[in-house]
Amino acid sequence: MRTFLLTRALYSVITLWLLTSIVFGLVRLTGDPVKMKAEAGADEAYMAQLRRDWGLDQPLYRQYISFLANLVQGDFGHSFTKSLAVRTIYFERLPNSLKLGLAAFTISMLLGVPLGMLSALKPNTWLDSFGKMFALLGLSMPGFFIGLVLVIIFGVELGWLPVLGKGNSAFVGGDPSTWVAFWFQDWQYLAMPAFALGWFFSGAMLRITRSSMLEVIGSDYIKLVRLKGIPEWVVTVKHALKNSLIPILTLAGLNLLVMVNVAVVVEVVFNWPGVGQLLYDALVNRDFPMVQGVVLMSGLMIVVLNFVIDVMYAYTDPRIRLSK
Amino acid sequence: MATVTAPRRSTVLVARVARRSLWLTRELPVIPLLVLAVLTFVAIFAPVLAPHSKLDPVKPTKEQCMARYDMANCPYVDNLPPFWLPHGSWNLPLGTDYLGRDMLSRLMYGARISLVVALVGTLAAGVIGTWLGVLAGYLGGWWDQIIMRVTDAWLTLPSLVFAILLSSVRGPGLWNVVLILTLVFWSRYARIVRGGVLGLREQDFVKLAEINGVTKRRIIWRHIIPNVMNTVMVVFSLQIGVAVIIEASLSFLGVGVPPPEPSWGLMMAQERESLMEGRWWLAVFPGFCITLLVLSANMLGDWLRVRLDPQLRNR
Amino acid sequence: MPPLLQVQDLKIYYFGFRGTRVVKAVDGVSFSLEAGETIGLVGESGSGKTTTCHAIVRVLPPGASIVGGSVLLEGEELLEKSPREIRAVRGRRIATIIQDPMSSLDPLFTIYDQVSEPAYYHRALRGRRLLQRVQELLTAVRIPSPEARMREFPHQMSGGMRQRIVGAIAQAGGPQIIIADEPTTNLDVTIQLQYLNLLKDLQRASGVALIFVTHNLGIVAKMCDKVAVMYAGKIVEQQPVRDLFYTPKHPYTRALLDSMPKLGSKEPLYAIPGQPPDPSALPPGCSFHPRCAHAVERCWTEEPGEQHLGDGRTVRCWLPLQEAKHA
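Protein chains in written order, with the working numbering: chain G, 1 to 324; chain Y, 1001 to 1315; chain C, 2001 to 2327.
Everything hinted at is true.
Below, a list of computed lysine-lysine pairs in the DSBU-like style, where the Cα atoms sit at most 30 Å apart:
#	chain 1	residue 1	chain 2	residue 2
1	G	122	C	2024
2	C	2262	C	2200
3	G	223	C	2081
4	G	238	G	223
5	G	223	C	2200
6	C	2222	G	223
7	C	2081	G	122
8	G	132	G	223
9	G	223	G	122
10	G	238	G	132
11	G	223	C	2024
A few chain C positions that, by computed beta-carbon distances, are all more than 12 Å from chain G:
#	residue
12	2204
13	2207
14	2246
15	2269
Here chain Y is said to cover these stretches of chain G; the calculated rule only asks that three of the stretch's residues, wherever they fall, bring their Cβ under 8 Å from a Cβ of chain Y:
#	region
16	25-32
17	127-139
18	143-151
19	261-267
20	294-300
Treat the hints as calculated values from the structure; they're not laboratory data.
The beta carbon of each residue, even a glycine, is placed where N, CA and C say it ideally should be.
Make a model of the complete structure from these sequences and hints.
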């Protein structure tokens, strides 16, 4: 297991380096952030000043080195509009996104996994077709569309749920009393955006669960368990489910990528003050360092998440746990 | 139906694709194809089919002006409802938007945007990604390591977030979106194609060619590429839906296809205020179109995947 | 006294393409098994041996239909049992060993977990008694240091060990019959003999009856008391083992015997000409006639019925072989 974990850790570091370099390279190669900011008709002096501020007047290799050096020290840049470090603002907003993300993840698991299991246990029945259609629909509707539809139905027509914002709950790092309450307060604000986000994701969960279970159910060892005369529910829950869960959880974790994507538009639709909306605001305000910073942080989060999943994998699968 | 496992050499790639398409015409998924055909038709012939202009407001009639503004003349009538609601008319079956432009016409032209952007972007990404995947898979060694590490890192970035980043340096614009799609999506092709090539490389007919001294380049063109086409087609069809959503999302956020062009995503963004005032249809119609297109593309892609490539069946 | 297991005229068909395509996987199979006896089911792939065994314990795939026949276990009709009832039979009265040891054990559970399951569910053993039972079982299949091995996982064991554990699992429920479906086919040749000896010892110790499915006549000679040769879903010959080898009655059996390489012989290897038939398009008359050296016109048109030659011997042939073959 140790070798496994070390290899994965090394791999994560390399991926991080490559990722940041790619961001660096592409940004420099495909356009000019200064022009973007100054598009509203500005003069040379202003643009030159911007270049100096953003360090864009240096030779490329110098920029790269200072870029990497900053990153390693945890400096992801400074927001142009807010005069704060990107990192600070990002972490301030992160709990909101996490709250939304976790709620959506839960919804998607609750919707997708049982339906996927049923689909796998009764393949090619109407139940299966229903499940497949549900999954397909979830994956085909853009997140902002679902969000808008929910707003129309529940916010405008029925008036049941508030449409914008997240309410007043706040996660204050310095105040422990908010640490727990934060996750559960103001659920009405959370309901619609979490569902919009979770719906998209539940389609993917359904498919993964279905295909993973089908593969397990068709395997030789399940056949043998049946031949032992074990009660059917034990076969399903003890053996089939446990064996399917590993790929389900892995792919679920990787699908978090998709969720981050959709989260951006959902947060914009619902005015949810998370990281996605941060990105959008930065974009609209042409705050390039912020945009770059948020992207880098997202990448970092995902690499870390993947590594965490690897670690979980290492502990739950005896084939890895007991290896060298 | 038997999955074709025996790979075949083909001198002309196009002939092979055509032959395969003919074979596929059994058990077609009729509805998605029909929908896609209709959408494509509408997209191509929008200038002919659309009753009104996509950019200019509709010239209103006296009655409409009177009804809305109590004036004999007005430059445009905004927010006319669809034909099934009061004040709606068959002349403008889906109503007008906030600037008095005909909804139906704009939706038709919007099909063009979505289709062109998604197709070109996905195609370009496919060409680059397939090529890199083949190189990585077949040449192995350092090629493989470098290309794959870069691909993996590339795949770590969420596509919309990545697209927004690139948007911030390039700005909005239809061809910018195409470029962004290409840059974001090639990595998906590369990863999957490489997997397929790794399997192919071990097959006897490839080894035979190698033993007989056929050059690597020839092997790649005559053996490897024709046989990964299956996989590529499946990925292509599945990626189109994603591309449409990304383009719509970018336009929704204001950094995709810029106004006044009628991108469906943009139309939804522009009509958000109308939602609050109860005019839900202005935002829902474009969204519905997007869903229709993506759903059909996904259904087609799923069907292709089952038919063509068992390797991808469980993805 | 009625036999332990009696299979009579079992028919299992697969219906495909909305009933237009019929595959007669098993077409009128009859045999019986006494307590402690070993019967060998021999045949090429696709002859219906595995399907027959699956039918006995009712684990057929969804596409298969049991069209006729009966399976009596100590006089009880197994084909009419409800799913719950048949589950009480599986593992407890009839256990199964399947072919591939590398994939037949659940990778996420310990050996103890998997071996104890049948004893837990069928014999209601718990706690210390269960632990002891598992140790006994593992010792009986000659797994060294069973207490340590119990806590390990399948991937830590070799193929031979895994197959022995599968044997222990089969014994765990205390069954009267064990169906061994090609248990040695995927094992190293050197391990095969050990395994067969093990099975024989287990049988001697517990008195369990054995249905041994194989395509290898050598194994049959070693393990079985009587043999049923299957071809295209039917039993074409059934005899006590010595008689089968010395006086085979069916041309197919004879051909199988002829194709076995003989140690020290310099004769060219004989292979049965032709291919086994497509089960969805069986030849008319006797299914073997296209490959039979003795076929006459009658064989092409009329299907031979099962002739009973006394003492449980049967043959399906219009011209059963008469002369003796010296093995």
